[in-house]
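J.: Each chain, letter by letter, is given below.
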Amino acid sequence: MRGMWRRLIDKYGYPKVSITILLIILISVASCQKGQSVPSLLVDSLIRIGMNGILVLAMVPSIVSGTGLNFGLSLGILTGLLAGCMSIEFNLRGGTAFFAAVLISIPLSAVVGYLYGWLLNRVKGDEMTVGTYLGFSLVSLMSIFWLILPFKSPEMVWAIKGRGLRTTISLTDRYAKVLDNFLSFKFFGNKIPTGTLLFFCFFCFLMWLFLRTKTGVAMTAAGDNPRFAEASGINVNKQRMIGTVICTILGGIGILVYAQSFGFLQLYQAPLMMPFAAIAAILIGGASAKNAKISHVISGVILFQALLTISLPVFNKMIPEGANLSEIVRIIVSNGVILYALTKVGGDECNG
Amino acid sequence: MDNIDLKKNLKKNNYKRKIFSVLTNNSVPILFVILCIIGVYYSGLSVKYVTDEVVTRIGRNLLLVLALIIPVIAGMGLNFAIVIGAMAGQIGIIIVKILDIGGIGGFLLAVLFATPFAILFGYWTGKILNKTKGREMITSMILGFFAMGLWQLVFLNFIGNIIPVKNPEIILSRGFGLKNALDLKFIQYSLDRAISIKIMGINIPVVTLIVVALFAIATKYIVKTKLGQDFRALGQNLHIAKVAGINTDKKRIIAMIISIVMAAWGQIIFLQNIGTLNTYASHEQVGMFAIAAILIGGATVTKATIGEALVGVILFHTLFIVSPQAGNNMFGDAQIGEFFRVFIAYGVIGISLVLHAMQKHSSKK
Numbered sequence: 001m002r003g004m005w006r007r008l009i010d011k012y013g014y015p016k017v018s019i020t021i022l023l024i025i026l027i028s029v030a031s032c033q034k035g036q037s038v039p040s041l042l043v044d045s046l047i048r049i050g051m052n053g054i055l056v057l058a059m060v061p062s063i064v065s066g067t068g069l070n071f072g073l074s075l076g077i078l079t080g081l082l083a084g085c086m087s088i089e090f091n092l093r094g095g096t097a098f099f100a101a102v103l104i105s106i107p108l109s110a111v112v113g114y115l116y117g118w119l120l121n122r123v124k125g126d127e128m129t130v131g132t133y134l135g136f137s138l139v140s141l142m143s144i145f146w147l148i149l150p151f152k153s154p155e156m157v158w159a160i161k162g163r164g165l166r167t168t169i170s171l172t173d174r175y176a177k178v179l180d181n182f183l184s185f186k187f188f189g190n191k192i193p194t195g196t197l198l199f200f201c202f203f204c205f206l207m208w209l210f211l212r213t214k215t216g217v218a219m220t221a222a223g224d225n226p227r228f229a230e231a232s233g234i235n236v237n238k239q240r241m242i243g244t245v246i247c248t249i250l251g252g253i254g255i256l257v258y259a260q261s262f263g264f265l266q267l268y269q270a271p272l273m274m275p276f277a278a279i280a281a282i283l284i285g286g287a288s289a290k291n292a293k294i295s296h297v298i299s300g301v302i303l304f305q306a307l308l309t310i311s312l313p314v315f316n317k318m319i320p321e322g323a324n325l326s327e328i329v330r331i332i333v334s335n336g337v338i339l340y341a342l343t344k345v346g347g348d349e350c351n352g
Numbered sequence: 001m002d003n004i005d006l007k008k009n010l011k012k013n014n015y016k017r018k019i020f021s022v023l024t025n026n027s028v029p030i031l032f033v034i035l036c037i038i039g040v041y042y043s044g045l046s047v048k049y050v051t052d053e054v055v056t057r058i059g060r061n062l063l064l065v066l067a068l069i070i071p072v073i074a075g076m077g078l079n080f081a082i083v084i085g086a087m088a089g090q091i092g093i094i095i096v097k098i099l100d101i102g103g104i105g106g107f108l109l110a111v112l113f114a115t116p117f118a119i120l121f122g123y124w125t126g127k128i129l130n131k132t133k134g135r136e137m138i139t140s141m142i143l144g145f146f147a148m149g150l151w152q153l154v155f156l157n158f159i160g161n162i163i164p165v166k167n168p169e170i171i172l173s174r175g176f177g178l179k180n181a182l183d184l185k186f187i188q189y190s191l192d193r194a195i196s197i198k199i200m201g202i203n204i205p206v207v208t209l210i211v212v213a214l215f216a217i218a219t220k221y222i223v224k225t226k227l228g229q230d231f232r233a234l235g236q237n238l239h240i241a242k243v244a245g246i247n248t249d250k251k252r253i254i255a256m257i258i259s260i261v262m263a264a265w266g267q268i269i270f271l272q273n274i275g276t277l278n279t280y281a282s283h284e285q286v287g288m289f290a291i292a293a294i295l296i297g298g299a300t301v302t303k304a305t306i307g308e309a310l311v312g313v314i315l316f317h318t319l320f321i322v323s324p325q326a327g328n329n330m331f332g333d334a335q336i337g338e339f340f341r342v343f344i345a346y347g348v349i350g351i352s353l354v355l356h357a358m359q360k361h362s363s364k365k
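Protein sequence lines correspond, in order, to chains V and R. End of the first sequence = 352 in the working numbering, gap-free, step of one. End of the second sequence = 365 in the working numbering, gap-free, step of one.
Any given hint might turn out to be false.
As the list claims (entries may be wrong) - Taking lysine-lysine and the PhoX-like style, the derived pairs with C-alpha atoms no more than 20 Å apart in a straight line are:
1) V:124 to R:360
2) V:344 to R:127
3) R:131 to R:242
4) V:344 to V:290
5) R:303 to R:226
6) R:250 to R:131
7) R:303 to R:224
8) V:124 to V:238
9) V:344 to R:131
10) R:131 to R:251
11) V:290 to R:131
12) V:177 to V:191
As the list claims (entries may be wrong) - Residues from chain R that face chain V, not an exhaustive set, calculated with beta carbons under 10 Å:
13) 131
14) 135
15) 142
16) 306
Said to hold, decoys possible - Per the computed footprint, the stretches of chain R lying under chain V, defined by three or more beta-carbons under 8 Å from a beta-carbon of chain V, are:
17) 24–35
18) 147–154
19) 261–273
None of these hints come from the bench; they were simulated from the model. We put the beta carbon where it would ideally sit given N, CA and C, even for glycine.
One chain only, chain V, in its complex shape (with noise of 0.2 Å):
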């Protein structure tokens, strides 16, 4: 029995194994309730996988390539948000709509993710702290441009001030659920949103073709062992500029997603802990702060949004009166499974 569970623990690690459990008897918690449909919680849960998943995806190249858990993954949420109100400023709807907000917010995350693998490489080994208070740090500065920015359209805008966006902006009459309803069918009386699931499984054929190409493999290499890539001829530097244009283009394109299926862009302080999320969802999926698969990503992603859907209907049935007891198993589970990765990476012994 303690082998089995050694040699477990070994091959997936503590945070999916412990949270696999957890989920295993969430589940059958659940499914004992009275009033509680399990396929319906699973649906649910289907559904916050899809809006996820391509947030997690983004992950994988920044770690890859050797910067580390990404936790100015926001920068790349704001100019999908930047994007997702350009499009709704030119007044397109559905499909077009998003599609637009997708293809207006590729180069801009470029730019922004260029700019910040600029400033990666040069804080090589306090890529983490930097991320997260660059974040912080541009997620209020860019709630000072949400309400002076030249937006007219009248949905977005407060109504009394005439100026300055919303909170969260309704997609209703836009782009909402463009993905969810794409190709959906019914399933025990829920809609299953086929089009999202796609589109993620899709983005990560794209990205494990990518790994595969020559750029992938120098990309590979470079975050596995810089020196001996360096010495080998690969550019790191350039390797790692790489890895966190495409990390800041995914999270554009992922909180585009997350959007329509949520059916609000939500503004100002929301994506301030979005990175968290994503980051401790590919952690609960096995990955390290030095390694990371699109196996890890789904495998994580499915987990911890599971979790999170599930554990809050089970908690509110169980103890009626319990008190934003889900809420505080996301904070716990999200931070422990982080705590957990960082000193697993190894201590070196130089000052910092």
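Using the hints provided, position chain R relative to the given structure of chain V.
T.: Just chain R now, with coordinates in the frame of chain V:
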């Protein structure tokens, strides 16, 4: 004749160079002095009002900022984990609230109850940071977030349930969990107004300032002792310190305990001034604000002094007081001012982390 002229010139040049070096060495505080002057001017608030507020805020916040100094000297960077110290302080306050002991006695009792918790938390934090050498700052930050989750679990769900407390004044009507805001009128100003004098209409919390000054002196004293020398050795080079026979892991834990205990006491002083405990929010911003303040005062990730802490608190809080009004008068929107001060807090931390990392990176090459 020529010679004297030359000497004069040389002297002048020397002065110039001196002024220049003072300017470049203190560029951050100087920049913020300018920002503060602009802010005060545009806010239209009277200088007397601003000074009064700043004096109160020095008493209220300085100890929390002083708590940052020792970890910096010991090479552990900016200690975002003072949030955990603040939580220990709040535990002390909550216990006193349950026992309902008011006045200065209640205050001292809160300090007494908070200390063992703070020591324990400091020990754990130190243990974890010893496993993540070189990444102390990100770890202490995440540790703070993690602790906030535990805090909610304990005080929103366990208290009144697993922890038997039945006090309808502080427990939510459903029977467990602390209320969102606890009234601390019973210990408010117990320290600030123990002896209070007015100078030119400005209230001076004499005892608080004396207590904080004592802590400043104590910090200075610790740095001068053998322990302080060890801290500095750790800060200079962990490797060499280890080779020189210093038990580095133990010293780092001690540094962390000192910092967390000071933060706990600092939070108690903070709360006795504010007069209400926002059970689930009071500790959230403690780390960020204290760190932003000390950095604005001119400290860096590897160097921090008491003077910098004081200057930083004055500048940061002046900006804090005036920015909503100034934002309103300059842009016609108070919210811009609000966001601006949040941006300043995050931005100043971000920039100083970038500068530190760049320096470290270039010195490694």
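J.: Which numbered conditions among the earlier hints are violated in the structure presented, ordered from lowest to highest?
T.: Numbers 16, 17, 19 - these are the hints that the structure violates, sorted from lowest upward.
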